[in-house]
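If you're matching positions, the sequence shown starts at 98 in our numbering and goes up one per residue.
Don't read these hints as lab results, they were simulated from the structure.
Some clues are possibly wrong.
No farther apart than 27 Å at their CA atoms in a straight line, the calculated lysine-lysine pairs in the DSS-like style are these [what the hints assert, rightly or not]:
#	residue 1	residue 2
1	K295	K358
2	K295	K207
3	K295	K161
4	K223	K161
5	K252	K344
6	K360	K344
7	K360	K295
8	K344	K223
9	K537	K223
10	K223	K207
11	K161	K537
12	K207	K252
13	K161	K207
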Amino acid sequence: MNQDRRRFLYGSAAFIASNLRAAGGRTVRINVDAERVLGSIPANFVGLGYEISSVARPGLLSAKNALYVQLVRTLGTEGVIRIGGNTSDYSSFAPDGTAVSAPKGTVVNKASLQELGTFLDATGWKLIWGLNLGTGTQEDAVNEAQAVASVARDKLLAFEIGNEPDLFGHGKAHRPAGYGFADYLQEYRRFKAAIRAKLPNAPFAGPDAAAATDWVSRFAAEEGNDSRLLTHHYYRECANPASTFEKLLYPDPKLTPQLEKLKAAAASSHVPYRICETNSFCGGGKPGVSDAFGAALWMLDYMFNLASADAAGVNIETGVNQLGFISSYSPIGDDERGAYSAKPAYYGMLAFAQGSRGQRVALDHDAQGVNLSAYAVRADQGRVWITIINKDASVDANVVIAAKQRFSHARAMRLMAASLQANDGVTLAGSAVDTRGVWKPTHLEPLRASDGRCEIHVPAAAAALVVLQP
């Protein structure tokens with residue numbers, strides 16, 4: 098990181114209004130009402146998503162992989178692992194066979210699942226498991242479901258049947274053209290009934306739609322009384338030359354209407370919805386964008402955006418993708434030789450994990466044309482966390498926070514790197530995730546607070562988590 102930038106960000110512990118004006122930028126005012134609760138953020142909101150081909154890689158998702166286990170636990174002691182992806186609809190379960198990790202020929206065996214069971218126990222996270230509807234049979238699904246349930250035990254959150262079935266009749270070869278929701282629902286019910294005959298209490302989720310949000314609404318109406326979750330995927334778009342920072346960091350016009358429909362489906366069926374497969378740009382991400390610090394800012398904002406729309410959680414894709422290579426958008430880096438690390442997107446997830454423990458409360462702000470978002474969460478002991486994300490590439494923000502409730506102390510953690518393009522040197526509260534997968538804050542910046550107000554300078558391409566304490 099540029100030392101001048103580091104000194105500037107860390108050098109002043111107590112900005113006053115004149116300091117802020119001298120620093121340049123635009124004044125952004127945030128008003129918080131911590132007594133007006135908007136909803137709770139589930140403890141297991143944070144999740145990771147894997148192609149089933151990852152499970153067939155010996156030693157990856159295993160309790161013996163201590164660094165990887167710690168990287169997961171650093172994101173939270175509760176969470177959800179989702180196993181599925183495009184590879185799941187080409188995969189098979191061979192209890193005594195040889196494990197194979199391949200885009201269209203993954204084989205999971207008994208040893209693979211036993212390792213996964215130890216991984217779930219070591220992390221404490223729950224499991225969503227996708228069964229092969231694309232090329233598999235009911236008998237295959239029953240055998241696999243029984244094997245998964247036996248190792249996951251109380252960690253099994255739900256089975257999904259098929260990955261992105263709304264695309265089956267649109268160039269994905271699994272079904273002929275014209276395949277629609279009614280066809281899927283008929284197949285889903287047959288598979289579910291066959292599994293329930295052997296596993297009477299098996300939990301299910303669906304429809305795992307790629308883009309057809311109306312499938313989720315229809316699934317909620319048809320299967321809501323027998324589902325654990327409604328599931329949907331999201332990517333900004335598939336990676337292409339136009340997949341830029343500007344596109345990633347500015348609002349996606351399709352996301353808000355999609356979330357409104359999902360929220361309505363969940364409310365009408367009383368079944369929570371989860372974005373169970375997602376990241377920046379599909380197809381493994383856009384190198385130079387998905388693997389850079391700008392993606393950390395996007396990640397933090399995106400996760401709070403989902404929480405604000407009453408999502409039950411999100412599974413961020415990581416690791417080997419459906420094309421057989423490690424995705425550039427992976428929050429957990431993997432050199433495929435046993436070395437794992439926290440990548441920029443991981444720090445966005447980590448920042449969310451710090452600032453999201455509690456109840457969402459009312460916040461309004463005037464960004465004054467700055468590409469800036471802000472969210473408020475009331476935690477225990479009356480503390481209020483304000484997350485401020487300045488996604489603007491060039492405009493600083495002088496943020497003035499005013500709360501209805503009095504507070505006596507204010508501190509800040511900063512999420513920062515040298516630039517939007519930086520792919521290393523990312524820190525949160527002055528610290529990087531260490532070689533053991535552990536993160537501990539080392540710089541909690543005191544802010545000057547009086548009369549229910551405090552102020553903080555948030556430079557372009559940076560974020561800050563402000564903690565107000567009574």
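Results of checking the hints against the structure:
1. Between K295 and K358 the alpha-carbon distance is near 35 Å, which puts this suggested pair outside the 27 Å criterion.
2. Straight-line distance between C-alpha atoms of K295 and K207 comes to about 18 Å, which keeps the hinted pair within the 27 Å bound.
3. Between K295 and K161 the CA atoms are separated by roughly 31 Å; this puts the pair beyond 27 Å, and the hint is violated.
4. For a cut-off of 27 Å, the pair hint linking K223 to K161 stands: about 18 Å separates their Cα positions.
5. In summary, the hint linking K252 to K344 is not supported, as the alpha carbons are separated by about 37 Å, beyond the 27 Å threshold.
6. Restraint check: the Cα-Cα separation between K360 and K344 comes to about 25 Å, which is no more than 27 Å; the hinted pair holds.
7. For the hint pairing K360 with K295, the CA-to-CA distance comes to about 33 Å; that exceeds 27 Å, so the pair is violated.
8. Taken as a hint, the K344 and K223 pair is broken in the structure, with Cα atoms around 33 Å apart against an allowance of 27 Å.
9. At roughly 25 Å between alpha-carbon atoms, K537 and K223 fall within 27 Å of each other, so this suggested pair holds.
10. This hinted pair checks out: K223 and K207 have alpha carbons roughly 19 Å apart, not beyond 27 Å.
11. Of the supplied pair hints, the one linking K161 and K537 holds, its CA atoms being roughly 23 Å apart against a limit of 27 Å.
12. With a C-alpha separation of about 17 Å, the suggested pairing of K207 with K252 holds against the 27 Å cut-off.
13. Using a Cα cut-off of 27 Å, the hinted pair K161 and K207 holds, with the two alpha carbons roughly 17 Å apart.
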